[in-house]
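S.K.: Given next are the chains, with one letter for each unit.
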Amino acid sequence: MAEEFAVRMVNITKTFGHVVANDKVYLELRRGEILSLLGENGSGKTTLMNMLSGIYFPDEGQIYINGREVTIASPHDAYALGIGMVHQHFKLVDVLTAAENIALGLPGGVVVDRKGIAEKVRQICDRYGFSVDPDKKIYDMSVSEKQTLEIVKTLYRGAEILILDEPTAVLTPQETKKLFDVMRNMRADGKSIIIITHKLAEVLEISDRVTVLRKGEYIGDMDTAKADARALTDMMVGRTVTLNIQRDEPVNVQRRLEIRNLTVKDSDGVTRLDDINLDVYAGEILGVAGISGCGQKELLEAIAGLQTAVSGSSVKYRPTGPDGPAEELLGLGPRAVSDRGIRLAFVPEDRLGMGLVANMDLVDNMMLKEYRSGKSPIVERRHPSEMAREIVRELEVVTPGIDTPVRKLSGGNVQKILVGREIAMNPTVLMSAYAVRGLDINTSYTIYRLLGEQKKAGVAVIYVGEDLDVLLQLCDRIAVLCGGRLNGVLDGRTATKEEVGYLMTTLQADRKEASA
Amino acid sequence: MTQLISLLTSAVVFGTVILYGAVGEIITEKSGNLNLGVPGIMFLGGIAGLAAAFFYELHAAEPVGAIGLALSFLAAIAASALGGLIYAFLTITLRANQNVTGLTLTIFGAGLANLFGGSLNALAGGVGQISVAVTSRAYRAYIPALAGMGRVGQLLFSFGFMAYLAIAIALLASWFLNRSRVGLNLRAVGEDPATADAAGISVTRYKYLATCAGAAVSGLGGLYYVMDYIKGTWSTDGTIEALGWLAVALVIFATWRPARAIWSAYLFGVLYWAYNYIAGLSRATIELFKMLPYVVTILVLVAVSMRRSKEAQPPKSLGLSYFREER
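Order-wise, the sequence lines are chains D and A. FYI, the numbering for the first sequence is 1 to 516, going by the working numbering. FYI, the numbering for the second sequence is 1 to 327, going by the working numbering.
The set of hints was computed from the structure by calculation and includes no laboratory data. Where is the CB? At the ideal position from N, CA and C, for every residue including glycine. Accuracy of the hints is not assured; some may be wrong.
As the list claims (entries may be wrong) - Chain A side only, calculated, beta carbon under 7 Å to chain D, not exhaustive:
no., residue
1, Arg181
2, Ala198
3, Glu287
Said to hold, decoys possible - To list a few chain D residues with every Cβ distance to chain A over 10 Å, as calculated:
no., residue
4, Pro75
5, Thr242
6, Gln254
7, Thr263
All chains, please: the whole structure from these sequences, using the hints.
M.R.: Here it is in structure tokens:
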């Protein structure tokens with residue numbers, strides 16, 4: 001009897017430094033089925049699949065292909081076993097044609113046989129319903145064309161097991177439908193397919209079974225026929241954990257930022273933020289929830305003047321409440337914003353890339369924010385030194401001294417310095433992205449306390465977070481982004497984890513919802 | 001007319017030196033390695049070839065040109081490939097900064113070559129000037145019947161074999177990069193090593209081989225300079241280094257295309273020697289004219305950047321090292 005399972009991954013563990021990306025994970029893929037691999041961002045889905053496709057090598061665990069235990073040490077090994085993966089970031093060389101990309105790394109004659117490739121590509125296309133022009137250069141292709149080519153490429157190499165990493169993230173609904181048709185054709189042809197996704201609707205529509213991961217752990221799997229959106233959300237987000245974060249009632253709340261029709265496109269012309277309408281109030285913490293990459297970064301950067309928004313977008317800043325004067329922030333740029341006396345503090349996600357300079361010491365990093373103050377051509381280090389000392393004392397930063405380069409400090413201490421510096425400028429708006437990512441419990445609570453104090457001081461605080469428990473227990477309101485759209489605004493005190501999780505993964509039909 | 005022919009022939013000789021350097025560097029850069037050690041590698045190729053020929057002529061009772069040629073040719077290739085290997089080990093295996101490594105290699109090559117060049121001069125005794133006349137004559141040999149066919153003959157057939165070899169290598173490199181399977185894989189490595197890796201191409205092996213092969217070709221430029229351009233002698237005036245940098249500039253001017261590098265190299269030669277054929281130039285103006293190749297390179301760089309052409313760009317991951325599990 002033929003082995004029932006095309007793939008079995010048993011007890012797989014993978015760590016990156018101190019971070020455990022996969023912790024004893026199981027995965028089973030039957031022959032001729034479509035399996036969804038479901039989980040929030042950071043739940044370890046892509047890491048697990050990268051081990052199947054030979055990009056990473058597992059620290060522990062076994063992989064069985066068609067019942068035989070195998071070692072997959074490189075992408076080459078994976079191809080030899082009939083495993084092909086379509087990565088979220090396409091692995092295509094821009095300046096080459098479709099046919100040349102397919103030929104990459106394949107054995108064959110000295111000269112690339114373009115005609116032969118084109119012919120075989122046509123056969124694959126006819127069989128499954130793709131359309132690919134072999135002579136087209138990659139840089140002339142749309143995102144959907146590139147994805148199609150990626151799938152054709154894996155089939156060309158004889159893949160029997162296909163892994164698609166969030167294939168619909170970049171597709172329009174029509175393109176998604178076409179992709180699903182193709183996937184069904186491939187299943188009918190006996191291929192086994194794993195689709196990584198965090199969209200519940202897609203799980204239910206396309207897959208036969210679903211495996212759920214959460215925070216690197218295997219939660220379970222079930223037949224899709226027996227699953228519904230609620231049950232899957234539960235598995236995905238887990239039970240509520242009480243954290244005891246102090247949350248004061250907001251006082252003296254007034255509107256400070258009015259975000260209207262905010263639309264942002266990236267350099268490829270892909271819409272990253274789609275018509276956002278949202279108000280941010282002084283004296284409260286506004287949480288922003290969403291699967292990573294759904295527009296959180298673009299939202300904060302647009303407000304900070306680091307992203308160009310599509311014309312018609314508007315972010316109005318009202319220093320003295322809704323009736324006071326208003327200032328348009330978009331199109332100003334960080335320096336112009338601060339020239340107008342608007343104190344906008346930003347704790348970015350990329351601490352050592354955007355927030356601090358890793359090779360400079362604490363004092364120099366303090367000075368980054370006030371490099372224009374003072375008239376003397378020689379830098380004045382007294383004031384920033386005092387500031388650095390104060391932050392070290394107040395926030396209990398563990399450092400050998402204020403002249404230590406920040407790259408030598410641990411992540412938590414780096415974050416304390418960054419948050420401390422931003423708060424020291426007495427902001428009126430404080431934006432933070434994943435402020436507690438990678439921090440230990442105590443430091444996280446210090447950050448929560450600082451944000452709470454800022455709220456009490458009448459600052460409009462925006463907290464982009466990934467831990468739903470924290471969002472629900474720290475924030476007064478929670479705006480949920482889904483695929484670049486504002487999918488709803490919930491009251492932080494009454495909303496449930498499932499509600500937030502549901503809004504994160506399922507786009508609401510009525511997305512014109514204004515701020516609550 | 002005679003003047004024009006004379007300008008063109010000296011341009012070809014000049015262009016051949018930098019054509020070797022540039023084609024070698026194009027092969028290297030196509031793997032994503034920006035090797036600024038080209039001048040150093042040309043030094044290595046030059047001195048190794050010279051030393052091999054010198055010791056052969058010193059010890060052979062009756063030196064034969066062809067043997068001297070073969071020995072020096074092989075020595076030059078070996079030495080310059082070794083230079084490439086040093087660079088490859090530092091930047092690929094140890095992931096050192098490519099710019100720093102390349103510049104260091106240039107300093108190393110120049111120092112080493114001048115050290116041995118000086119020693120060879122001392123060994124040669126006499127007037128204190130080494131000369132490998134027999135081997136150099138073999139390098140500069142041409143077919144008199146063809147070269148004698150008037151101006152055309154002089155223009156096309158009056159050079160040593162390495163001038164034609166340079167064209168052949170450039171055309172071969174062009175075919176290799178654009179038509180062959182290995183060349184295609186190599187381009188993928190230089191554009192996007194992660195993609196190449198995922199396609200099952202050994203990024204490390206390709207980078208090593210391309211860097212060493214490229215260095216070997218570049219080193220031939222040094223050999224040609226020593227054997228043909230300055231006729232089998234050694235001089236510590238640093239001309240090789242200046243030509244090496246011109247070769248790097250030529251890579252940009254040719255927009256990373258070996259075939260285009262052929263006529264571009266000769267154009268550089270014409271621009272470089274133009275001052276000799278314009279009457280009444282002062283010393284200062286001559287130096288300005290010598291600048292021309294660099295100026296046109298800058299102009300080409302500006303034009304390429306402004307046109308935003310997808311094709312005429314450097315390999316996308318040029319200058320970056322690759323590590324698979326980076327995240």
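S.K.: Output the numbers, in ascending order, of every earlier hint that fails for this structure.
M.R.: 3 and 4
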